[in-house]
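Trainee: If you're matching them up, the sequences are chains U and F in order.
Residue numbering for the first sequence is 1 to 238, as defined by my numbering.
Residue numbering for the second sequence is 239 to 317, as defined by my numbering.
One should not assume that every hint holds.
Straight-line Cα separation of at most 20 Å, SDA-like style, residue types lysine to any residue; simulated pairs [unchecked claim]: (1) F:K249 <-> U:L185; (2) U:K116 <-> F:M285; (3) U:K116 <-> F:E288; (4) F:K247 <-> U:G200; (5) U:K116 <-> F:V264; (6) U:K116 <-> F:F291; (7) U:K116 <-> F:V281; (8) U:K116 <-> F:D298; (9) U:K116 <-> F:Q257; (10) U:K116 <-> F:I293; (11) F:K249 <-> F:V264; (12) U:K116 <-> F:E296; (13) U:K116 <-> F:E254; (14) U:K116 <-> F:L300; (15) U:K116 <-> F:T290; (16) U:K116 <-> F:S277; (17) U:K116 <-> F:E289; (18) U:K116 <-> F:A267; (19) U:K116 <-> F:L280; (20) U:K116 <-> F:T294.
Treat the hints as calculated values from the structure; they're not laboratory data.
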Amino acid sequence: MSSDQRTVIVTGASRGIGAACTALFASNGDRVFGLSRSAGPDLEGVEYRLVDLNDANAVAAVLDAIDEETGSIDVIVANAGITRDQLSVRMSDEDFSDVLETNLTATFRVLRRGLKRMIRQRSGRIIVVSSIGALMGLPGQANYAASKAGLIGMARAMAREVASRGITINVVAPGLIDTEMTSALGQDRLEAMAAQVPVGRLGTPEEIAACVLFLASDAASYVTGAILAIDGGLGMGL
Amino acid sequence: MSDDATFEKFKNCAVEVLQVSPDAVVLEASFSDDLDADSLDLVELVMALEETFDITVEEDELEGVDTIGQAYALVTSKI
């Protein structure tokens with residue numbers, strides 16, 4: 001294994017956008033560690049480290065181990081996220097805080113640890129997966145939207161802190177993407193929403209991964225604190 | 239390790255991380271005023287010192303560490 005190989009960490013790697021990212025980085029020749037509760041597709045160049053991202057100690061142990069084994073942390077794709085959709089007036093405290101905890105707080109911990117290595121390296125790439133929901137605000141998603149919007153503020157604050165160290169932190173905001181998360185909305189609702197998209201269809205996880213790969217590249221070194229909407233024009237102007 | 243050797247090791251870290259000349263690394267030197275080091279530089283220096291000396295420095299221990307001398311005292315208290 002070449003020592004020049006980048007160490008790429010993807011959270012929420014087992015399916016959807018996370019799985020597409022692990023596959024694309026692996027095919028790019030990077031050494032990919034997928035962090036998730038269950039393993040994703042068996043791919044060359046990808047190792048899954050099974051962990052509950054809400055377990056701070058377990059996550060710290062996993063990241064320490066990766067850092068120790070490879071000697072570097074080059075790219076982090078912070079993608080793990082859950083939904084617990086419910087109308088606000090009926091949403092429980094738990095449904096609100098659980099989503100904030102998993103989507104925002106757990107991500108903070110991963111980034112904090114990754115940045116320690118990246119600062120010493122004076123290089124790094126972090127891509128945070130937000131959502132069109134963060135800016136658009138979709139019904140039933142007060143918790144999800146709060147967490148995804150929170151990621152934007154957090155990413156930008158961190159980006160400003162570490163920009164002088166050759167580390168960029170960017171946000172991608174996927175729109176309606178063909179994954180398990182959106183198929184849970186139901187066929188009829190999905191079709192109605194797809195009709196609203198200027199491009200006229202759902203996006204694919206691969207289309208998100210392609211943008212993430214670009215932001216992780218040297219070619220993107222002048223891009224930091226940016227929000228890249230990948231939504232077929234659905235959130236245009238937000 | 240003798241006191242001199244320890245300070246040399248400490249100095250090398252400071253020179254590497256803060257990108258200053260070895261002559262500037264004296265006990266009285268202030269991070270912000272003399273060495274042009276901001277809070278991120280200090281964090282990076284502490285991480286380098288943790289690795290070099292195999293010690294752990296807690297967040298609150300950095301409170302009031304404004305000079306090379308104070309940072310050095312913190313390190314030597316742990317080794």
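Trainee: Now tell me, hint by hint, if it's right for this structure.
Mentor: These are the hints, each one checked on the structure:
1. F:K249 <-> U:L185: violated, 60 Å
2. U:K116 <-> F:M285: holds, 8 Å
3. U:K116 <-> F:E288: holds, 12 Å
4. F:K247 <-> U:G200: violated, 63 Å
5. U:K116 <-> F:V264: Status violated; Cα separation ~27 Å.
6. U:K116 <-> F:F291: holds, 17 Å
7. U:K116 <-> F:V281: Distance of about 9 Å is within 20 Å: holds.
8. U:K116 <-> F:D298: Holds: K116 of chain U and D298 of chain F sit about 17 Å apart, inside 20 Å.
9. U:K116 <-> F:Q257: It holds: about 19 Å lies between the C-alpha atoms, which stays within 20 Å.
10. U:K116 <-> F:I293: With a Cα-Cα distance of about 16 Å, the restraint between K116 of chain U and I293 of chain F holds, given a limit of 20 Å.
11. F:K249 <-> F:V264: Holds. K249 of chain F to V264 of chain F sits at ~9 Å (cutoff 20 Å).
12. U:K116 <-> F:E296: holds, 14 Å
13. U:K116 <-> F:E254: It holds: about 17 Å lies between the C-alpha atoms, which stays within 20 Å.
14. U:K116 <-> F:L300: holds, 16 Å
15. U:K116 <-> F:T290: holds, 15 Å
16. U:K116 <-> F:S277: Roughly 14 Å separates the two Cα atoms, so the pair holds.
17. U:K116 <-> F:E289: holds, 12 Å
18. U:K116 <-> F:A267: Not OK: K116 of chain U and A267 of chain F at ~25 Å, beyond 20 Å, violated.
19. U:K116 <-> F:L280: Holds. K116 of chain U to L280 of chain F sits at ~13 Å (cutoff 20 Å).
20. U:K116 <-> F:T294: holds, 14 Å
In terms of the numbered hints stated before, the structure departs from hints 1, 4, 5, 18, listed from lowest to highest.
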